[in-house]
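Peer 1: The residues making up each chain are set out below.
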Amino acid sequence: MLQLSPDRVRRILSDPSFVELSSARAKLRWGLSLLTLFAFFGFIILISAASKGLGTNIGSSNIPIGIAIFFGMNILVVCLTGFYVQRSNSRFDRLTCDIRQEWER
Amino acid sequence: MRALWVITFLLTALPMSAYAQTALGVKHGPNWIAIGMFLLIVLVTLAITYRSSGSTKSKVDFYTAGHGITPLQNGLAIAGDFLSAAAFLGFAALVYSTGFDGLVYALGFLTGWPIVLFLMSERLRNLGSFTFADAASFRLDRTSVRLVAATGSLMVVLFYLVAQMIGAGKLVQVLFGVHYIYAIACVGVLMIVYVTVGGMQATTWVQITKAVLLLAGGTLMGLVILWHFDFSLGRLFVDASKIHPKGTAILAPGGLFAEPVSAISLGLALVFGTAGLPHILMRFFTVKDAAAARKSVFYATTCVAYFSLVTPLLGFGAVVILMPDSNYFNVGAGGQFDKVTDLIGGTNMAAVHLADALGGPALLGFMSAVAFATILAVVAGLTLAGASAVSHDIYGQVIARGNASDAEEVRVSKIAAIAIGIVAVLLAYSFESQNVAFMAGLALAVAASCNFPVLAMAIFWRGATTRGAVAGGLVGLTSSVLLVVFSRTVWVAVFHFAAAPFPYDNPALFSMPLAFLSIWIFSVTDRSARAKTERQAFDAQFVQSETGIGSFETKPNVVRHVA
Numbered sequence: 000m001l002q003l004s005p006d007r008v009r010r011i012l013s014d015p016s017f018v019e020l021s022s023a024r025a026k027l028r029w030g031l032s033l034l035t036l037f038a039f040f041g042f043i044i045l046i047s048a049a050s051k052g053l054g055t056n057i058g059s060s061n062i063p064i065g066i067a068i069f070f071g072m073n074i075l076v077v078c079l080t081g082f083y084v085q086r087s088n089s090r091f092d093r094l095t096c097d098i099r100q101e102w103e104r
Numbered sequence: 000m001r002a003l004w005v006i007t008f009l010l011t012a013l014p015m016s017a018y019a020q021t022a023l024g025v026k027h028g029p030n031w032i033a034i035g036m037f038l039l040i041v042l043v044t045l046a047i048t049y050r051s052s053g054s055t056k057s058k059v060d061f062y063t064a065g066h067g068i069t070p071l072q073n074g075l076a077i078a079g080d081f082l083s084a085a086a087f088l089g090f091a092a093l094v095y096s097t098g099f100d101g102l103v104y105a106l107g108f109l110t111g112w113p114i115v116l117f118l119m120s121e122r123l124r125n126l127g128s129f130t131f132a133d134a135a136s137f138r139l140d141r142t143s144v145r146l147v148a149a150t151g152s153l154m155v156v157l158f159y160l161v162a163q164m165i166g167a168g169k170l171v172q173v174l175f176g177v178h179y180i181y182a183i184a185c186v187g188v189l190m191i192v193y194v195t196v197g198g199m200q201a202t203t204w205v206q207i208t209k210a211v212l213l214l215a216g217g218t219l220m221g222l223v224i225l226w227h228f229d230f231s232l233g234r235l236f237v238d239a240s241k242i243h244p245k246g247t248a249i250l251a252p253g254g255l256f257a258e259p260v261s262a263i264s265l266g267l268a269l270v271f272g273t274a275g276l277p278h279i280l281m282r283f284f285t286v287k288d289a290a291a292a293r294k295s296v297f298y299a300t301t302c303v304a305y306f307s308l309v310t311p312l313l314g315f316g317a318v319v320i321l322m323p324d325s326n327y328f329n330v331g332a333g334g335q336f337d338k339v340t341d342l343i344g345g346t347n348m349a350a351v352h353l354a355d356a357l358g359g360p361a362l363l364g365f366m367s368a369v370a371f372a373t374i375l376a377v378v379a380g381l382t383l384a385g386a387s388a389v390s391h392d393i394y395g396q397v398i399a400r401g402n403a404s405d406a407e408e409v410r411v412s413k414i415a416a417i418a419i420g421i422v423a424v425l426l427a428y429s430f431e432s433q434n435v436a437f438m439a440g441l442a443l444a445v446a447a448s449c450n451f452p453v454l455a456m457a458i459f460w461r462g463a464t465t466r467g468a469v470a471g472g473l474v475g476l477t478s479s480v481l482l483v484v485f486s487r488t489v490w491v492a493v494f495h496f497a498a499a500p501f502p503y504d505n506p507a508l509f510s511m512p513l514a515f516l517s518i519w520i521f522s523v524t525d526r527s528a529r530a531k532t533e534r535q536a537f538d539a540q541f542v543q544s545e546t547g548i549g550s551f552e553t554k555p556n557v558v559r560h561v562a
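Chains as they are written, first to last, in numbering that gives the first Met the number 0: chain A, 0 to 104; chain B, 0 to 562.
This is chain B alone, in the form it adopts within the complex (with noise of 0.2 angstroms):
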């Protein structure tokens, strides 16, 4: 294990050292900062997974870190994975481009979080053990509910995963010249170390680690920002419409959010999808108990909301500060450039600039090795989330019936890291220059879609059946991909037919009605025997899942699987 921590280090230390000068660097020369910065997160973090190995034998430790996680650390480790570099990055860089529309976004992201600690975390706990597919197939048919939900989780983890990767591929080749796929091998290597050897005790300190590091990081852009304009918030704004092409319209809703269906669809996706993420559903198996879950969601909202409330300060102040500065630009061979699309590395570096605009290399360095922490976080956690899907649900309980050891459940979970790692740089490669905003899109997509459909309805619905879950599980599932391919952002965009068959860019709005529906249908003529036994089995979940009796945390030590 020495041996793949060494292997490790050289490959994540040398390219970046080695081309470490160009784009960025052009103007300041190598940013000395930035590189230590990034060499003392990779150390950091591979430190915690060092530390975290011995705690990785059982799966318990491996999947929930033994459940021994605070609630304060465990709402750092969900902001953790919940702000992933289209948060930081992203949000400000819609701003930037879109002004008022960019804080929509933000907020649609933020409320899913009062839906998942409404309805999710607290019954999620009490009934599961290891991943959201455990509650779902509670008292329905534990092979065909657990594929679905498996195959849910891993559609959204891969598409999530791709998206980030390209992200963090972008982001290092712009700030140091990297080729991007030593970039995006690095993340992979990385992720994959952080998963097989330290499991989710080391996902979850990488997790606060770059939470930590993130919210300190926007406070201080913030702060500067404020101070900037002598803490008036309107001179910000006022000077910003003055600044940015499109003048006063970005202070009002604008092209985004104009059209009513397009933009409840999107809605829908953000808030709904939250509340069906692979990853961020199996956080709340770390904790000791379902008054734990329910405390972390709520210190996780509030980071959430502070970040969100940043956001305007990151995308304005970059309109102000960044936009007269032709230094930021690609500028055209008449000194011409255009004030948001020439921005060099694309509209996503807006707060990476603004960083050196407003502290120079320190905090340029600083700043972009956050990105970089962000990015390793949350793809080490869905790259967690995927395992799991593949080894407790599809391997655990599909293939070996429940009879795997802990073992083999946890080696088969390290086989599948190492397999996710390898395929989603592959992705990350052939889609290179996919945008990255429709992957993340699809991913919420589907998880709005299929996941949460049938995790709400099999723990609220006493009529729900394993029939009905699956039906409707594939319904949304295989809805909202083909509503996605048929969409203009494929269909015309990548595809270059002429007209989209399918109006709006996200499929939500029909995808999660239809899903919800066919659960319904299905479900209720149902007259099977076993669809009988499920509805009267529906009393014995509900007791559990509001009073814990039963579920997990009253054992700690003692693995027992509801088998």
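Bound conformation, chain A alone (with noise of 0.2 angstroms):
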């Protein structure tokens, strides 16, 4: 089934590079994935939960808050997903580079 032998699994999960490049990215995963979610159920709860407010003006403008906080949720995908791209082109593909110059002979 697996082209890897059982043998060379246990010691590429021992290896300090892959155990770094697993835990580092289990984080950024795991972290931004619940900010993500918490930021748009928290919006849906904020609906529920203050309809009215939404609906009134940020300061003097003419733009009610809800509108203004659907502009900024999208503005915030966008740079959640920039972060996670950046980081890993940054600093994932180099570990997983150094891991499989090592093991993939």
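Since the hints were made in silico from the structure, they are not lab data. As the structure is a prediction and not an experimental result, all values here were calculated from the model. Glycine residues also receive a C-beta, built at the ideal position from the N, C-alpha and C atoms. Hints are supplied without guarantee of correctness; some may be wrong.
[Unchecked claim] With the C-beta cut set under 10 angstroms, the calculated list includes, among others, these residues of chain A facing chain B: (1) Ser4; (2) Val8; (3) Leu12; (4) Leu20; (5) Arg28; (6) Phe42; (7) Leu45; (8) Ile46; (9) Lys51; (10) Asn56; (11) Met72; (12) Asn73; (13) Asp92; (14) Thr95.
[Claimed, not checked] Quick list of simulated restraints, FRET-style, between CB atoms: (15) A:Ile44 - B:Tyr305: 21 to 29 angstroms; (16) B:Lys56 - A:Asp92: 30 to 38 angstroms; (17) B:Ala399 - A:Val18: 35 to 43 angstroms; (18) A:Asn61 - B:Gly331: 28 to 36 angstroms.
With the hints as a guide, bring both chains together as one complex.
Peer 2: As structure tokens, then:
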């Protein structure tokens, strides 16, 4: 079923580079996922809790708070994915490359 | 094959030009720009298909375009797959009729993307080769887990496809007065040709063409609307609230998300459904490695977010510009009309009418053609995903046990694409009056309750076993479908019972946790020897999913399937 022998798998699992890669990426992955979900479902709950307030305008402008949050959330989503990709490109790809050079022969 | 090409052209071109002067045409006479644009799009996409037809011999080429798509191309194609007619016409229509609530809907669709990126894209690319079932059954039993995943995929594909076909039929009907059955038959024939003749290569390029057209068209309309309001968003909102029958209520949350249980349930289906859509997940195999898969999601997310930012301009712009003009409405005998429900062709046509109001027949023609291209591209992607679930998962791995030759699998795939196309046309014909949003919602609910839990647990949880994955997948599939049947939209609206046993519209809040719970219970209680082997195999899966060692990318020209 798999190309990797059990012995090889065990050795890769204890490779410090692999440990660094998998734990750092897990932290980033779950952290950003939770942040995304909190932001979106927080907004949903805010909507059902304070629907009137979201219709009031920001300061003296004519832009309602709810719609401003909508714009902000769109930008947040792009920033979060951008951050993940940037971190992966700079840090995780290098580690992956090292690990593969070490173990893939 | 040339004959097939000519037949398609005739089938597509004739009914459209023959009936080209009704509905919207009444106002301007036949819209030759629209007809010309439609034909141009059909010709361009068929030319793409013709050029790709050489590269559909092996299954690597047919399913994944030889893993040769670049991240930017794939990102555009993903956005093309995702921004269906529901997104373009539907979101604008929702904002037009409900205001703020429509924006939350659009946001829900967008929020699925970071989740796809963080949890799915890279691991999927490292573990699978053609379909997401490859990754789900990586260390689990190939036959049963694949069957569940393929069934989930087919269900999602069919519901989504029928929803798109109904939308397409209505659009073409309203624009050209073509009879509904001709309209959906044309779409059906075109999508079968794209997929069977051009495979993933053609499907991808049709998606890219459509995505570029849609983004350009959206930008153009957004700019014209902004210019109309002196680039002041505040003025747009104030004017919209003065004209809309609901007044300032359209700027605040209304009925759609007022009740927290329904709102969260809908949100879950929108967010996690995206991470379980087979035609989206399949796109990660068209690029060369996990890094490219990740980059393509970033491009796709940016495009989807950008389009989501244009949505309020289109929706509120349509309110201000269309509502005072009775030309766009079915006006009653006394000159009375409802500013929302009496829009010609229904609220889904708001964006199309807006194009006419802003730029006359030229912009109307362009935007209608964009909407048509949108539908063609999405149905082609769905058909390909459905066909590969049949040929690669069910035929290749379950029936032939991995012994099918490349040529056999590709042939089965083409036959499956034709069959799916015919079934979709027949279903779209018999469900003509069905609510499109409900069908699309059902597809997302099944994707979030069956495909997503099985895939996520198989790739992230060491303890998951075949028994758990199969039980959880089936529980998610049946519970989501049953709860929809018992909900108001089907039980009351379709079967005409007095009260619905299930009080909410969307099942995801219940069916999704139920699926996860079933996977967990049936896995931890599984003490078989097979379960033990499967848990031990997690380490090897973990290494491959994190590093890509042993994954398909390393030898792109050698078909080495995990056999």
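Peer 1: Failing hints, ascending?
Peer 2: none
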